[in-house]
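From just these sequences and the hints, can you work out the full model?
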Amino acid sequence: MTHPYARELGDFLRARRGRLHPRDVGLEPGGRRRVTGLRREELALLAGLSTDYYQRMEQGREVRPSDDVLDALAAALGLDAGERRHLFTLARAARRPVPARVDHGPERVPESTRRLLRVMDTPAVVLGRHLDLLAWNPWAVALLGDPDGYPPDRLNMLLLMFDEAATRTRRCAAWERQALDYIGMLRAAVATDPTHPRATAIVGELSIRSAEFRRLWSRHDVRESVSGTKTFQVPGVGDILLDWDTYPLPGSPGPVMLVFTAEPGSADADALRLLASLRATARSGESYPTRPRDI
26 MTHPYARELG
36 DFLRARRGRL
46 HPRDVGLEPG
56 GRRRVTGLRR
66 EELALLAGLS
76 TDYYQRMEQG
86 REVRPSDDVL
96 DALAAALGLD
106 AGERRHLFTL
116 ARAARRPVPA
126 RVDHGPERVP
136 ESTRRLLRVM
146 DTPAVVLGRH
156 LDLLAWNPWA
166 VALLGDPDGY
176 PPDRLNMLLL
186 MFDEAATRTR
196 RCAAWERQAL
206 DYIGMLRAAV
216 ATDPTHPRAT
226 AIVGELSIRS
236 AEFRRLWSRH
246 DVRESVSGTK
256 TFQVPGVGDI
266 LLDWDTYPLP
276 GSPGPVMLVF
286 TAEPGSADAD
296 ALRLLASLRA
306 TARSGESYPT
316 RPRDI
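Note that the sequence shown covers residues 26 to 320 in our numbering.
Watch out, some of these pointers could steer you wrong.
[Unchecked claim] Per label pair, the in silico range of CB-to-CB distance:
1) Thr254 with Leu303: 21 to 31 Å
2) Asp173 with Asp49: 42 to 52 Å
3) Gln80 with Met145: 45 to 55 Å
4) Gly253 with Val144: 17 to 27 Å
5) Arg139 with Gly51: 46 to 56 Å
6) Asp49 with Gly253: 22 to 32 Å
7) Ala199 with Gly174: 27 to 37 Å
8) Gly263 with Ala305: 11 to 21 Å
9) Gly174 with Asp264: 24 to 34 Å
To be clear, the hints were calculated from the coordinates, so they are not data collected in a lab. In this text the structure is predicted, and so the values were computed from the model without any measurement. Think of the CB as a built atom: it goes at the ideal place given N, C-alpha and C, for glycine as much as any other residue.
Here it is, written out as structure tokens:
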């Protein structure tokens with residue numbers, strides 16, 4: 026049986042090798058090539074490894090590379106700091122025996138974190154390690170919709186983003202960038218436990234029903250924390266441009282808090298306050314979504 030971390034390590038190496046071209050590393054392409062990226066033997070040469078050894082790593086076979094080998098691979102592949110940490114996380118986990126039993130209990134949000142959400146004067150939610158929506162404040166309900174009454178197992182950022190009925194008209198560069206951010210965060214979580222049933226269920230479902238997800242997932246991009254800007258189209262209020270950032274909460278791996286903010290004194294800040302005011306005075310009606318928006 027292939028070690029799950031060794032398999033994930035091999036997939037990561039193969040994806041990173043595929044994004045490099047010979048001229049990126051000072052090599053001449055030469056002749057007809059059956060692969061778009063570097064060949065295995067070319068990368069092995071750059072890293073100072075035998076082709077057979079590197080091939081066994083990509084195949085997820087029983088190989089336990091030293092830190093020196095990992096450093097050489099990271100340099101040959103041109104990994105950034107986050108990708109290098111990801112490489113070491115996978116490789117070091119692959120050196121250890123597969124644990125006989127892992128605690129896969131439900132994630133819980135401490136009451137102190139829930140209190141913090143309630144006193145925050147801006148929309149904020151708590152996401153679990155696999156991007157499940159665990160908690161939210163009233164501002165988030167006004168902006169994103171009320172998750173109550175929606176099946177808990179469907180309250181997941183990626184499942185919502187790739188809901189074809191909800192996102193069919195939102196295919197754009199900004200949408201794809203945000204999808205890649207969330208996918209990269211899930212990749213980082215998978216690196217800590219490739220066999221976690223929640224990760225397996227989410228990736229399995231989306232891989233079956235979305236060719237777009239399969240394409241983005243196969244890139245093996247990894248994100249430790251993300252931020253960005255998003256325009257929300259809110260009925261009755263109009264467009265609201267908000268910055269969003271993620272903040273890690275205690276735990277390893279642990280949940281993150283996703284916070285939306287507007288530039289102080291801007292029209293977007295005024296629109297956000299108007300939205301909150303409307304929500305406070307009218308708890309129902311067509312102006313408010315009954316299910317979470319594409320966040």
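Quick rundown of the hints versus the structure:
no.	hint	in the structure
1	Thr254 with Leu303: 21 to 31 Å	holds, 23 Å
2	Asp173 with Asp49: 42 to 52 Å	holds, 50 Å
3	Gln80 with Met145: 45 to 55 Å	holds, 51 Å
4	Gly253 with Val144: 17 to 27 Å	holds, 25 Å
5	Arg139 with Gly51: 46 to 56 Å	holds, 54 Å
6	Asp49 with Gly253: 22 to 32 Å	holds, 27 Å
7	Ala199 with Gly174: 27 to 37 Å	holds, 29 Å
8	Gly263 with Ala305: 11 to 21 Å	holds, 19 Å
9	Gly174 with Asp264: 24 to 34 Å	holds, 27 Å
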